[in-house]
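> Protein sequence lines, in the order shown, are assigned to chains A and B. Take the first sequence: its letter number 134 is residue 134 in the numbering used here, and every next letter is one higher. Take the second sequence: its letter number 435 is residue 435 in the numbering used here, and every next letter is one higher.
It is worth saying that the hints were derived from the structure and are not from the lab. Note that this is a predicted model, so its numbers are computed, not measured. Note that the Cβ used here is the ideal one computed from N, Cα and C, for glycine as well. A few of these clues could be false.
[Stated by the list, open to error] Just a few of them, taken from the derived set where beta-carbon distance is under 7 angstroms, the chain B residues facing chain A:
#: 1; residue: Met170
#: 2; residue: Ser225
#: 3; residue: Ala244
#: 4; residue: Glu246
#: 5; residue: Ser249
#: 6; residue: Leu300
#: 7; residue: Glu365
#: 8; residue: Ile380
[Said to hold, decoys possible] Non-contacting residues of chain B with respect to chain A, defined by C-beta distances greater than 10 angstroms in every case (computed):
#: 9; residue: Lys136
#: 10; residue: Lys258
#: 11; residue: Lys277
#: 12; residue: Asp322
#: 13; residue: Gln340
#: 14; residue: Ser358
#: 15; residue: Asp369
#: 16; residue: Glu381
[What the hints assert, rightly or not] In silico DSS-like pairs for lysine-lysine, Cα to Cα no more than 30 angstroms straight-line:
#: 17; chain 1: B; residue 1: Lys416; chain 2: B; residue 2: Lys394
#: 18; chain 1: B; residue 1: Lys275; chain 2: B; residue 2: Lys258
#: 19; chain 1: B; residue 1: Lys335; chain 2: B; residue 2: Lys321
#: 20; chain 1: A; residue 1: Lys37; chain 2: B; residue 2: Lys332
#: 21; chain 1: B; residue 1: Lys332; chain 2: B; residue 2: Lys277
#: 22; chain 1: A; residue 1: Lys37; chain 2: B; residue 2: Lys377
#: 23; chain 1: B; residue 1: Lys396; chain 2: B; residue 2: Lys326
#: 24; chain 1: A; residue 1: Lys37; chain 2: B; residue 2: Lys136
#: 25; chain 1: B; residue 1: Lys377; chain 2: B; residue 2: Lys332
#: 26; chain 1: B; residue 1: Lys150; chain 2: B; residue 2: Lys96
#: 27; chain 1: B; residue 1: Lys416; chain 2: B; residue 2: Lys276
#: 28; chain 1: A; residue 1: Lys37; chain 2: B; residue 2: Lys335
#: 29; chain 1: B; residue 1: Lys204; chain 2: B; residue 2: Lys232
#: 30; chain 1: B; residue 1: Lys295; chain 2: A; residue 2: Lys37
#: 31; chain 1: B; residue 1: Lys277; chain 2: B; residue 2: Lys253
#: 32; chain 1: A; residue 1: Lys37; chain 2: B; residue 2: Lys333
#: 33; chain 1: B; residue 1: Lys295; chain 2: B; residue 2: Lys377
#: 34; chain 1: B; residue 1: Lys379; chain 2: A; residue 2: Lys37
#: 35; chain 1: B; residue 1: Lys88; chain 2: B; residue 2: Lys136
#: 36; chain 1: A; residue 1: Lys37; chain 2: B; residue 2: Lys326
#: 37; chain 1: B; residue 1: Lys277; chain 2: A; residue 2: Lys37
#: 38; chain 1: B; residue 1: Lys88; chain 2: B; residue 2: Lys275
#: 39; chain 1: B; residue 1: Lys276; chain 2: A; residue 2: Lys37
#: 40; chain 1: B; residue 1: Lys253; chain 2: B; residue 2: Lys275
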Amino acid sequence: MKRFFGNLNFSVGFALSAVVIIAAGISLIWTPFDANKMSAVERLQGPSWSHPLGTDQYGRDTLSRVMTGAVNSIIVGLVTVAIGLSIGIVMGLAASYYGRFVDEAVMRFSDLLFGFPAVLTAILITSTLGPSMINAMLAIGIFYIPVFARLTRAVAITVYEREFITAARAGGVSELGIMWRHVLPNILSPLLIQGTIQFAVAILAEAGLSYLGLGTQPPAASWGRMLNEAQTFMSRAPWMAVFPGLAIAWAVLGINLLGDGLRDTLDPKMVRAR
Amino acid sequence: MKKSMIVLLAVALMVPVQWALADTPQKGGNLIVCKPAEPPGLDPTANTAAAIDRVVYSNIYEGLIKVNRNGEFIPGLATTWSVSANGKIYTFSLRKGVTFHNGEPFNSQVAKWNLERNAAPTTKNAHPEFFRGIEKIETPDDVTLVVTLKDVDALFIAHMAEGDAVMLPMKGYENAASGPVGTGPFKFVQWVRGDRVEMVRNDKYWNPALPYLDKVTYKFIGDVSAQIAALKAGDIDVIGYIAAPEQASEMGKDQRFKVFAGTTTGEVIMSTNNKKKPFDNKLVRQAMAFAIDRKAVINLVMFGYGTPIGSHWSPSTPYYKDLTGKFAYNPKKAKELLAQAGYPNGFEATIKLPAIYSYSRRAGEVITDMLGQVGIKLKIEVVEWGYWLDRIFKQKDYDLTMIGHVEAWDIGIYAKPDYYFQYDSKEFRDAYSAALKASNEKEKAQWFGRCQEIIADDAVNGYLFSAPSLPVMKAGVMNWWENYPTIALDATEVWIKK
Chain A
1 MKRFFGNLNF SVGFALSAVV IIAAGISLIW TPFDANKMSA VERLQGPSWS
51 HPLGTDQYGR DTLSRVMTGA VNSIIVGLVT VAIGLSIGIV MGLAASYYGR
101 FVDEAVMRFS DLLFGFPAVL TAILITSTLG PSMINAMLAI GIFYIPVFAR
151 LTRAVAITVY EREFITAARA GGVSELGIMW RHVLPNILSP LLIQGTIQFA
201 VAILAEAGLS YLGLGTQPPA ASWGRMLNEA QTFMSRAPWM AVFPGLAIAW
251 AVLGINLLGD GLRDTLDPKM VRAR
Chain B
1 MKKSMIVLLA VALMVPVQWA LADTPQKGGN LIVCKPAEPP GLDPTANTAA
51 AIDRVVYSNI YEGLIKVNRN GEFIPGLATT WSVSANGKIY TFSLRKGVTF
101 HNGEPFNSQV AKWNLERNAA PTTKNAHPEF FRGIEKIETP DDVTLVVTLK
151 DVDALFIAHM AEGDAVMLPM KGYENAASGP VGTGPFKFVQ WVRGDRVEMV
201 RNDKYWNPAL PYLDKVTYKF IGDVSAQIAA LKAGDIDVIG YIAAPEQASE
251 MGKDQRFKVF AGTTTGEVIM STNNKKKPFD NKLVRQAMAF AIDRKAVINL
301 VMFGYGTPIG SHWSPSTPYY KDLTGKFAYN PKKAKELLAQ AGYPNGFEAT
351 IKLPAIYSYS RRAGEVITDM LGQVGIKLKI EVVEWGYWLD RIFKQKDYDL
401 TMIGHVEAWD IGIYAKPDYY FQYDSKEFRD AYSAALKASN EKEKAQWFGR
451 CQEIIADDAV NGYLFSAPSL PVMKAGVMNW WENYPTIALD ATEVWIKK
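Isolated chain A, as found in the complex:
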């Protein structure tokens, strides 16, 4: 643990991310106000003691909505990375183990997915399947598959060439056992690093889709949606845009720093290069 916290990137990233996770956790049991409760008399109020981040055009409390929005963002990050990781690892391992035809097929499939601009295709998918948070996650998750598949394949190929794999084979361990017990643990750290980076990208992508009205649907709070709703009130109620915007920047910065920190500490080549 000390090894991680000795790294500045990791410490700062950890602190920033922790705030987001804690805020999200608290919002599950308590928010200052009901995040979806409207109140005509309290609409468009600036930051005050009772509403520290002000209220929106329906009189909903911005702090409560930013907190609930954090849950939304974390779910999106987790689910999309899970989709990408689970399918990507299987494809990458298959490609590196079988080689030849399977490798070719997996890699060309990845190229195909990479060939499309991710956000545009996500827009296509969500507008075909209908705008919703689940479809947005699906759309983003699909684009993570080649990211993880390629990484898994590249690292796994180098692992397969190492002597201990040959030793394990000689010892009579099954191929599946080798994959599970020897290859997978050795490729986890680059995947973890990649995972945190994609986590941050997913938060941004979901905010983008929601901003376009294709992601999370009202009245659920999502940072991107809040920005979308705030835009016509920019001159009257700037806090409506500023705080969800800050939340996005905060979370993405935090997770990216965390990812950098992980890379610095986990990747031995990086340390030597310094």
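Put chain B on the given structure of chain A with help from the hints.
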């Protein structure tokens, strides 16, 4: 002393002169009017979309009768009209020497052909019933049209003043949807899809004094903030229809712009699928009506612009009956009725909101909150306009939706069981046909009032508010309409102060 007298005199003389100058319309200039929705075509006799009328009505096309700024029926292509004592024979005197933009003459033959075309079994007209009550049409001469109805129709003149009844030329009508040819003050130039429709002054217009403008462009900008930004940047001159209410009030404070908070014929309602469970239960619909706080809806959605309504009738239309007290906000009563209907814990349903109209999207969110408080959990789905027209309006695949019904005198839609509300009431149909047959003002008021009451009692839809006109324009745009008693953005008398 003498000097100051002269100054006073000069001032006294100058003031009226300047006023007179300011009030005299100046000819020339280009006007760019922005409206949110692009029309699906440009032929109002083939499609009911209000977006069509808002571009072409009274600008390119005209009917026999027009509606003036006070909502009164005034001569259009007919200069006078009279009704026989039994209320069935209408005699129109048509305007002489009117030609279409393509040079074809307008006369009683053309008028007859138009009315018959709209009544034909193959017509694409959205309201063939306006014309199917006609028994025969006679044309004793070029400028006289005698229309005999099968039965008395109290709304015949009102219908002849709508976009569905505009006059098209007999030869140039086929391309009306993409290249409209009418008799109006402006000639169609081009339609750049996705962007704008352009029209120029018709030099041969039957009223030589009009129009004042050389050119009018209708530009389609869906996003309300983009509209305001375009107006501020000078890219457009007028936001024609319901500008972003949250910004309208601020724009009004700016010397460079003006805002009109006039009335319209539009009713914003929560349309309800009356055939779908549980909305087929009157108690459920009434419970929803009790759960809606109209004043709060107007404040939250329209920033106070708009008038509460209790039925499908705008306060700006004659025979209006104020029924807003019928289901005054009472969430306790709403819960009781829900329990009575067998839903003590409420139920779940979906509300589909058209993305294009920010007022309906917002009203949907507010209603979702209000109904949620009595246990009705709504799931919001924001849908594209094409989807809305097809799946909701045509195929009736919905629970609830939110939309503005803009046609005046459109309560007759409740008499059609296959309309997308799927409301089927003999009582209403009888009252409506009695209203149509009413021969005097007192009877009309009585029966149209009754119609309003029946649908209010049945809580067919959630009646929310009458939409404000809310146009915002540059201070130099003169003579723009303040109230919208008919569906049009009529630029005929508009001029630009230089």
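> Sort out which numbered hints this structure fails and list those numbers smallest first.
As far as the earlier hints go, 1, 5, 14, 15, 16, 18, 24, 29, 31, 38 and 40 are violated by this structure, in ascending order.
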